[in-house]
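S.K.: Listed in order, the protein sequences are those of chains A and B.
If you count the first sequence from 1, position 204 lands on 209 in the working numbering, and the numbers rise without skipping.
If you count the second sequence from 1, position 65 lands on 70 in the working numbering, and the numbers rise without skipping.
Wrong hints could be hidden among the right ones.
One copy or two, it doesn't matter: identical chains are merged, so the pair holds either way.
Stated by the list, open to error - Mimicking DSS-like on lysine-lysine, the simulated pairs with C-alpha atoms at most 30 Å apart in a straight line are:
| no. | residue 1 | residue 2 |
| --- | --- | --- |
| 1 | K269 | K332 |
| 2 | K321 | K334 |
| 3 | K65 | K332 |
| 4 | K204 | K306 |
Bear in mind the hints are in silico, worked out from the structure with no lab data behind them.
Small disclaimer: the values here were computed from a predicted structure and weren't measured.
2 protein chains.
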Amino acid sequence: MSHTDSQTVVVTGDRTTGPLHLGHFAGSLQTRLNLQQNHNPFILLADTQALADHQGDYCKVRQAVIDVALDYLAVGIDPKKSTILIQSMVPELAELSFYMMNLVSVARLERNPTVKSELRAKGQERDVAAGFLTYPVSQAADITALRGTLIPVGEDQLPMIEQTNEIVRRFNRMVGENILNECEALLSNTTRLPGIDGKGKMSRSAGNHIALSASSDDITAAVNKMYTDANHLTIGSPGQVEGNVVFSFLDAFDPDSAKIAELKAQYQHGGLADSVIKARLNEVLQALIGPIRERRAEFAKDPDAVLSMLLCGSAKARQTAVLTLHKVKTAMGMYYF
Amino acid sequence: MSHTDSQTVVVTGDRTTGPLHLGHFAGSLQTRLNLQQNHNPFILLADTQALADHQGDYCKVRQAVIDVALDYLAVGIDPKKSTILIQSMVPELAELSFYMMNLVSVARLERNPTVKSELRAKGQERDVAAGFLTYPVSQAADITALRGTLIPVGEDQLPMIEQTNEIVRRFNRMVGENILNECEALLSNTTRLPGIDGKGKMSRSAGNHIALSASSDDITAAVNKMYTDANHLTIGSPGQVEGNVVFSFLDAFDPDSAKIAELKAQYQHGGLADSVIKARLNEVLQALIGPIRERRAEFAKDPDAVLSMLLCGSAKARQTAVLTLHKVKTAMGMYYF
Numbered sequence: 006m007s008h009t010d011s012q013t014v015v016v017t018g019d020r021t022t023g024p025l026h027l028g029h030f031a032g033s034l035q036t037r038l039n040l041q042q043n044h045n046p047f048i049l050l051a052d053t054q055a056l057a058d059h060q061g062d063y064c065k066v067r068q069a070v071i072d073v074a075l076d077y078l079a080v081g082i083d084p085k086k087s088t089i090l091i092q093s094m095v096p097e098l099a100e101l102s103f104y105m106m107n108l109v110s111v112a113r114l115e116r117n118p119t120v121k122s123e124l125r126a127k128g129q130e131r132d133v134a135a136g137f138l139t140y141p142v143s144q145a146a147d148i149t150a151l152r153g154t155l156i157p158v159g160e161d162q163l164p165m166i167e168q169t170n171e172i173v174r175r176f177n178r179m180v181g182e183n184i185l186n187e188c189e190a191l192l193s194n195t196t197r198l199p200g201i202d203g204k205g206k207m208s209r210s211a212g213n214h215i216a217l218s219a220s221s222d223d224i225t226a227a228v229n230k231m232y233t234d235a236n237h238l239t240i241g242s243p244g245q246v247e248g249n250v251v252f253s254f255l256d257a258f259d260p261d262s263a264k265i266a267e268l269k270a271q272y273q274h275g276g277l278a279d280s281v282i283k284a285r286l287n288e289v290l291q292a293l294i295g296p297i298r299e300r301r302a303e304f305a306k307d308p309d310a311v312l313s314m315l316l317c318g319s320a321k322a323r324q325t326a327v328l329t330l331h332k333v334k335t336a337m338g339m340y341y342f
Numbered sequence: 006m007s008h009t010d011s012q013t014v015v016v017t018g019d020r021t022t023g024p025l026h027l028g029h030f031a032g033s034l035q036t037r038l039n040l041q042q043n044h045n046p047f048i049l050l051a052d053t054q055a056l057a058d059h060q061g062d063y064c065k066v067r068q069a070v071i072d073v074a075l076d077y078l079a080v081g082i083d084p085k086k087s088t089i090l091i092q093s094m095v096p097e098l099a100e101l102s103f104y105m106m107n108l109v110s111v112a113r114l115e116r117n118p119t120v121k122s123e124l125r126a127k128g129q130e131r132d133v134a135a136g137f138l139t140y141p142v143s144q145a146a147d148i149t150a151l152r153g154t155l156i157p158v159g160e161d162q163l164p165m166i167e168q169t170n171e172i173v174r175r176f177n178r179m180v181g182e183n184i185l186n187e188c189e190a191l192l193s194n195t196t197r198l199p200g201i202d203g204k205g206k207m208s209r210s211a212g213n214h215i216a217l218s219a220s221s222d223d224i225t226a227a228v229n230k231m232y233t234d235a236n237h238l239t240i241g242s243p244g245q246v247e248g249n250v251v252f253s254f255l256d257a258f259d260p261d262s263a264k265i266a267e268l269k270a271q272y273q274h275g276g277l278a279d280s281v282i283k284a285r286l287n288e289v290l291q292a293l294i295g296p297i298r299e300r301r302a303e304f305a306k307d308p309d310a311v312l313s314m315l316l317c318g319s320a321k322a323r324q325t326a327v328l329t330l331h332k333v334k335t336a337m338g339m340y341y342f
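Chain A on its own, in the form it takes in the complex (with noise of 0.2 Å):
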């Protein structure tokens, strides 16, 4: 394995299908602030990749690119440490995209389990469109051409990381040189945030989740919906702590967890309302999501300066994937001149 530079490139981002939820703070958010004090991440809104997920929604995946610009600004993603940019606003990635779909087989994009899964999630085995299929191939152009070196992800998303660096090595011997450089996967080692049903992890499409740019009330009325035990029917009796959505919550965002392990004991041996936890709950994701509700109303009223703020993003990762796309094409003898 062989890396152009020593220095350590961050590749991370989302597919622009809508507001981001506290699933997202849990699972990638927080990492992104943790990664932004020590490296600059380039964050990449996936737009076009969003478009084939979506079927041509247009309008949905445009507005859903400044909803998730807020998200990140409104958490805290700071524009002077981390490289946001629009996907669809580099177009080199495009190229290097096309380019790369001649090192991978189809019978291999089937094989991928991502797609797999998320093909069975969709129902959608028969009637995929070609632009899903070969997403992990645009996911590797994506990382290859901004030179990423550590991709955060979760479990689920490892396949992509190895069907990137498998794309990269046929390359580069095809050209018989180290051109592109592979990349490591940084597991998150955060458990998926469920979603307030309890019924598999919190997404839009599930309708089980809390925006981050939820009102008071919304958090509240989440609050009192989320399943806690089911056999849990007297204050008195012994409650659940496994799979318990209240307690995952709590888990994930109590910064105070001698407190936590005190309830759970509690809980356990009987004596602790529901009403109890859920008032806690509710007390820490106002404390958290007011404030990030507050930032993200102030940056939404000046729209141009997020706009300008994506631009240079995009125009920065520009000068990287230009570099990388040169150093392919020259590779390939695809100058002529």
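Knowing the structure of chain A, use the given hints to seat chain B on it.
M.R.: The following block gives chain B in isolation, referenced to the frame of chain A:
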């Protein structure tokens, strides 16, 4: 169907997999020579597509770009009338293709009869590169980016036109506006030139071709090897004209069709030696290819001029492609500024 203007725009081209041969001359180059009198065709050197075909044999592709350009000039394609462009030099084609990938399903691509038969011929049904399965999308992007309305094709390429128009309709429906225009096929009325061995069509991969740059000796050798009628054992015995490669070539290239009809009658009746019809064909082909070879050698003396012509053609085509992509991205709301 809505054209943005009433002008006919011809788009055609070749995958740059190697120098052209007589099969190309009979099948497409003659049509282009006619078309360039009244239209200004775009002729695309599909180098990126050739990479998919050649599984990344980029050295071959690069050389073929120059070879095919020389062949064009040698047969009389005039850069003042025809715009010759290199696919990879108009990155907007890759970008548009990337967006179009969301408008066609994998199942639909797998059903494309042209792709299916090409895959069968390559014996690659299972291990096809993603870039090959999706090449109809790339072709649709090429045609529509250049605003092609009339596409000269052989019968076997009709499914590509159909697929292009499907993508166009789907895009226009999606954005609720006729941004892209549909195209029509201009079916070539020539029958496919057989290979000199009479086994299927002429193709370089089958080794049964006569290159447009063939030397005088090459031509004579190829004509001598040509398949006539295996049952025409003596001069006096009646010979078959159907499936007789020499007569197929005479039909395609001998300007004196009355004389050919006479020779055919005589051959069928008996009394005409293979050597006589071969001598005539040799003469016809020497007269056809001789000047092409000479002009080719002339142009090859100044490769910089050829490259400069390709640079200008690509830049000119790029103006159109940039404009189309601008309309596409605007319609999709993908300009954020």
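S.K.: Run through the hints listed earlier and report the numbers of any the structure violates, in increasing order.
M.R.: Numbers 1, 4 - these are the hints that the structure violates, sorted from lowest upward.
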